[in-house]
Every structure is written in structure tokens, then in C-alpha cells.
Amino acid sequence: MAGAVPPLSVLLVRHAQTTANAGEVTDNHADIRLTALGEQQARDVALAVGQSPPDLIVVSPFRRTLDTALPLIQAHPTVAVETWPIEEFSYLAPARAERTSPAERKPMVAEYWQRADPLYVDGAGAESFAHFVGRLRRFHQRLWQCSGRVVVFGHGQFLRGFVLGLHEGFSETSEAMLRFREVETGSPVRNGEVIAVALPPPGGVIHVGSSDGQ
Numbered sequence: 004m005a006g007a008v009p010p011l012s013v014l015l016v017r018h019a020q021t022t023a024n025a026g027e028v029t030d031n032h033a034d035i036r037l038t039a040l041g042e043q044q045a046r047d048v049a050l051a052v053g054q055s056p057p058d059l060i061v062v063s064p065f066r067r068t069l070d071t072a073l074p075l076i077q078a079h080p081t082v083a084v085e086t087w088p089i090e091e092f093s094y095l096a097p098a099r100a101e102r103t104s105p106a107e108r109k110p111m112v113a114e115y116w117q118r119a120d121p122l123y124v125d126g127a128g129a130e131s132f133a134h135f136v137g138r139l140r141r142f143h144q145r146l147w148q149c150s151g152r153v154v155v156f157g158h159g160q161f162l163r164g165f166v167l168g169l170h171e172g173f174s175e176t177s178e179a180m181l182r183f184r185e186v187e188t189g190s191p192v193r194n195g196e197v198i199a200v201a202l203p204p205p206g207g208v209i210h211v212g213s214s215d216g217q
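For what it's worth, our numbering labels the leading residue of the sequence shown as 4, then goes sequentially.
Think of the hints as simulated: they come from the structure by calculation, not from any bench. Since we're looking at a predicted model, the values are computed, not measured. All C-beta atoms, glycine included, are put in the ideal place defined by N, C-alpha and C. Any given hint might turn out to be false.
[To be verified] Restraint-style ranges between C-beta atoms, simulated for each label pair:
#1 P191 to L122: 18 to 26 Å
#2 P64 to P110: 27 to 35 Å
#3 E171 to R118: 17 to 25 Å
Please build the complete structure, drawing on both the sequences and the hints.
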């Protein structure tokens with residue numbers, strides 16, 4: 004039918020490997036760079052997405068998502084690129100985590116999740132679990148307003164939380180917080196992983212399939 008609006012389909016992509024993922028000490032968590040392996044994963048993601056251009060490319064405000072999207076952007080330079088507030092769940096205050104490695108942050112991470120308080124804010128620049136869930140909901144609502152093929156470059160915890168929320172509901176309770184932690188640590192989204200989503204309207208049911216962009 005001429006003029007018909009194309010159906011919505013969504014590909015969720017976790018950013019490629021970064022220096023932090025490789026265990027290195029990092030400074031500003033919003034400006035973490037890709038490793039050489041990560042740059043190759045980004046090129047592989049562009050190939051995995053396919054030859055036909057998407058209708059929209061979405062990235063987070065964090066540099067690593069734009070760097071991962073760059074090969075796809077370069078392959079399809081006329082496609083719109085938008086920055087949405089889908090940055091990673093930053094539950095530790097940046098001042099406490101600055102110049103630390105993942106191993107050095109481990110006790111702080113354990114303390115946060117043992118608290119299991121969805122309203123707790125660790126300090127300036129951190130967000131509560133309840134605020135994080137609100138961002139997941141708003142992301143769902145904004146995606147639902149799109150049409151065509153949308154490729155989203157995001158972060159491991161954000162994408163896992165989004166898919167879990169689509170299956171089980173977006174909830175800010177302590178139980179939901181612990182459930183998210185269980186799923187996110189037990190089945191993390193891998194660097195360069197591509198998750199194909201047939202997005203339902205808010206409150207609907209979703210079916211997903213995964214492939215590695217490596």
C-alpha cells in the first residue's frame with residue numbers, strides 16, 4: 004500500500020569492548036574509549052546489521068556508543084543519528100569511582116546491591132534504581148513513537164534492564180532491583196551483542212533473539 008507507515012523493528016546493540024571492560028583504570032565514565040578489539044567489534048556490528056540502511060540510529064550521550072555506531076554511520080551517512088538519554092546505569096558516585104579499576108570498585112558495587120534500596124543515591128552524579136527504571140520506561144515510550152528500522156547503541160545494564168522490563172514489567176521495588184541484579188550478572192549482554200526486538204506497545208509482550216556482532 005503506497006504511503007503506508009513501515010512497521011517498527013528495533014535492534015539493540017551493546018557498545019564494543021572498552022578499556023574499562025578490559026580491566027583498565029578509567030577516569031570519566033562518560034568518555035571511556037574502545038580498545039583495538041572494540042574497534043573491530045564495531046566494524047563487525049555494522050556488517051551484522053546488514054546492507055540496507057536503518058531508518059534511525061540512536062546512541063547514548065556516552066562516547067563508547069557513538070564510537071561503536073561510527074562504522075554503521077559511515078556506511079549510511081544519510082541516516083539520522085539521535086542522542087537519547089539511555090546512558091548506562093551509574094549507581095556509584097563518579098567521585099568515588101574515579102581512577103579505579105573494576106576490581107577496585109568491587110567492594111563498592113557489593114555494598115550498593117546489598118543495600119537493595121531502590122531510592123538510594125550514592126552521591127553527586129549517581130542515580131537511584133527507581134530513576135533508572137523511569138528512564139527505561141521513557142525509552143520504551145519514545146521507541147514506540149518511531150517507525151521503520153531503528154538501531155540503538157546502548158549499554159549492558161540498560162539493555163538488559165529494558166529487555167527484562169518488557170518481559171516482567173518495569174518496577175522500582177526492592178524485589179525488582181534484586182531480580183535485575185540476578186539477571187544482569189547471570190546473563191550479561193556481551194560487548195557487540197545484537198538483540199533483535201519486535202517491540203510491543205507499552206505493557207505488551209516481547210519476543211527476542213540474539214546474535215554476536217563479533
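Each hint tested on the structure:
no., hint, result
1, P191 to L122: 18 to 26 Å, "25 Å, holds"
2, P64 to P110: 27 to 35 Å, "28 Å, holds"
3, E171 to R118: 17 to 25 Å, "22 Å, holds"
Hint check: no violations occur; every hint is consistent with the structure.
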